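J.: This is what each chain is made of:
2 protein chains.
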Amino acid sequence: MKEVLKVFKIGGGVLDDEAQLQRFVQEFGRVQGRKVLVHGGGKGASQMLKDLGIEPQMVQGRRITDAATLDVVTMFYAGKTNKQLVAALQAAGTNALGLSGADGNVIRAVKRPVKDIDYGFVGDLPENSVNATLLSTLLETGLTPVLCAITHDGHGQLLNTNADTIASTVARALAAAYEVELHFCFEKDGVLGDLNDESSVIPQIGPEQYQQLKTEGVIAAGMIPKLDNAFAALEAGVEKVVIEHALKINAPVKTVLCRS
Amino acid sequence: MKEVLKVFKIGGGVLDDEAQLQRFVQEFGRVQGRKVLVHGGGKGASQMLKDLGIEPQMVQGRRITDAATLDVVTMFYAGKTNKQLVAALQAAGTNALGLSGADGNVIRAVKRPVKDIDYGFVGDLPENSVNATLLSTLLETGLTPVLCAITHDGHGQLLNTNADTIASTVARALAAAYEVELHFCFEKDGVLGDLNDESSVIPQIGPEQYQQLKTEGVIAAGMIPKLDNAFAALEAGVEKVVIEHALKINAPVKTVLCRS
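Protein chains in written order, with numbering that gives the first Met the number 0: chain A, 0 to 259; chain B, 0 to 259.
For the record, the hints were derived by calculation from the structure and aren't laboratory data. Note that the structure is a prediction, hence the values are computed from the model and not measured. Keep in mind that a hint or two might mislead.
Stated by the list, open to error - Each computed BS3-like pair below joins lysine-lysine, with the alpha-carbon atoms no more than 30 Å apart: (1) 49/A / 49/B; (2) 49/A / 110/A; (3) 247/A / 187/A; (4) 247/B / 225/B; (5) 114/A / 253/A; (6) 42/A / 49/B; (7) 42/B / 42/A; (8) 49/B / 114/B; (9) 187/A / 114/A; (10) 187/B / 239/B; (11) 247/B / 114/B; (12) 42/B / 49/A.
Stated by the list, open to error - Quick list of the computed label-pair ranges, beta carbon to beta carbon: (13) 126/A / 115/B: 55 to 63 Å; (14) 92/A / 57/B: 36 to 44 Å; (15) 50/A / 56/B: 54 to 62 Å; (16) 154/A / 55/B: 53 to 61 Å; (17) 236/B / 126/A: 44 to 52 Å; (18) 0/B / 154/A: 57 to 65 Å; (19) 16/B / 50/A: 23 to 31 Å; (20) 214/B / 154/A: 46 to 54 Å; (21) 0/A / 1/B: 36 to 44 Å; (22) 92/A / 258/B: 52 to 60 Å; (23) 196/A / 114/B: 21 to 29 Å.
Note that CB positions come from ideal geometry on N, CA and C, so glycine has one too.
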């Protein structure tokens, strides 16, 4: 029987607030067994770009990662956020080890091809982009890998990569070796049936119900890429996807997405 | 018989110049066997502090690491320098994995006690500060650990730590498991017998000759802490200490320090 592995992804809200981050770290420490943490950026990097006088490069309303921006987000995500998180986890008893995709070649990305828009130094994750062997070795040594949203192309170029995509790609890559649960943590208790009612968490959603909720417009636009991503992970062998509040990962209220 | 492990330390010069860094990375790739790389900061962090309007905090002529400075050096060393170096090493065929001291609790430091001067968030390395087990595990997996000059105290606090000290402490900690060579790389071919003659490299220095060279004033003031550090490492079980040019690590001209 395969061991359970829990892959958690956290983003903006919890990373931007020191008190929330500490609460998350404590809750994460209570999660038993093998686990991986993937973190996004938060607002700090945007503020730092401003402080350094780096103007956001936008094309057709989309943010572009130029060389100066890549430098700052690499510093912020792989340096400040990742290391502060690892130090806090270590203090709370989790033997965390921070990684960018370049470290041990753990995630090798491909620079997004230029079609209509040149996104700059942004990485997409093809099949076989994750070094599952290294992650398994670290996990079996008792370590908790903490992945930031910076990858590399194997030719010396770092790349800015979506953290949700990293989380689901890592979960899929480890599904052969582990029974993987993928946990997307955010600022609500789960997927809401009524956006105006925080207590309307839908406990379980299958693929058919998901299509229906989309058709009915119940699921908000911002949630759709996350859930599409989640159902694709289930199709690819991930056992369970959970949408939950970052500060309540050990509480019972959450949305579980299931294969059928 | 123990396996050979080579611990290299690089600093300012080579880190500040992209072309030099690429040359070092190629040379480092040619070094066979188990190896660890420790890197200092370089001038980029100081420039960034200026760009962000953070005034250097000085007390009695010594630089103090206040909270804002620590944030920036963490970003710069653990984020930018470490990740760019790892990505470049990966591209050159070295399976590098970047680490701060917090990662896997690999180096646990102690905040420098306040005596005459409060140095702020600076870490000293007591005995047993290095997690030799983790470094050995990584090395035996075929990885090359790349350590930056940021450590932690185990209670959630990151600390700025001298890279020479990290290199020699790591070398000493691994001397039980490996036959360790410690390589201090800098901008000259070795210890010079005549500061005005770049070709006056002293090929070998033992402890007695070192005392004599100091007495005679042949060894420059800036070199003394590095060499004191080196001879202490030899005393503590490191097999060999080498002082050499960062761009000529595979060339024969260098200074080897020996126990007797």
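J.: Verify the CB-CB distance for residue 16/B and residue 50/A against the hinted window 23 to 31 Å.
T.: 26 Å, holds
J.: Honestly, do residue 0/A and residue 1/B meet the 36 to 44 Å range at C-beta?
T.: Holds - the Cβ-Cβ distance for residue 0/A and residue 1/B, about 40 Å, lies within 36 to 44 Å.
J.: Is the hinted pair residue 187/B and residue 239/B satisfied, with a Cα-Cα distance of at most 30 Å?
T.: Since the Cα atoms of residue 187/B and residue 239/B sit roughly 19 Å apart, the hinted pair holds (cutoff 30 Å).
J.: Does residue 114/A lie within 30 Å of residue 187/A when you go C-alpha to C-alpha?
T.: Not satisfied, since the Cα-Cα distance of roughly 35 Å exceeds 30 Å.
J.: Looking only at beta-carbon atoms, does the pair residue 50/A, residue 56/B fall within the given range of 54 to 62 Å?
T.: At 19 Å between Cβs, range violated.
J.: So if I understand the rule, the pair passes when the alpha-carbon distance is 30 Å or less; does residue 42/B with residue 42/A pass?
T.: Within the cut-off at roughly 27 Å; holds.
J.: Hint says 57 to 65 Å; check whether the CB-CB distance for residue 0/B and residue 154/A agrees.
T.: This hint is violated: roughly 38 Å between Cβ atoms.
J.: Regarding the pair residue 49/A and residue 110/A, is the alpha-carbon distance no greater than 30 Å?
T.: 25 Å, holds
J.: With the threshold set at 30 Å, check whether the alpha-carbon distance from residue 42/B to residue 49/A stays at or below it.
T.: 22 Å, holds
J.: Taking only the CA atoms, is the gap from residue 247/A to residue 187/A under or equal to 30 Å?
T.: 9 Å, holds
J.: State, for the Cβ atoms of residue 126/A and residue 115/B, whether the hinted interval 55 to 63 Å holds or is violated.
T.: Because 60 Å falls inside the window, the suggested range holds.
J.: Given the hint that residue 49/A pairs with residue 49/B, test it: the Cα-Cα distance must not exceed 30 Å.
T.: Holds, because 15 Å separates the two Cα atoms, which is no more than 30 Å.
The structure fails to meet hints 5, 9, 11, 15, 16, 18, 22 and 23 from the earlier list, while all remaining hints are met.
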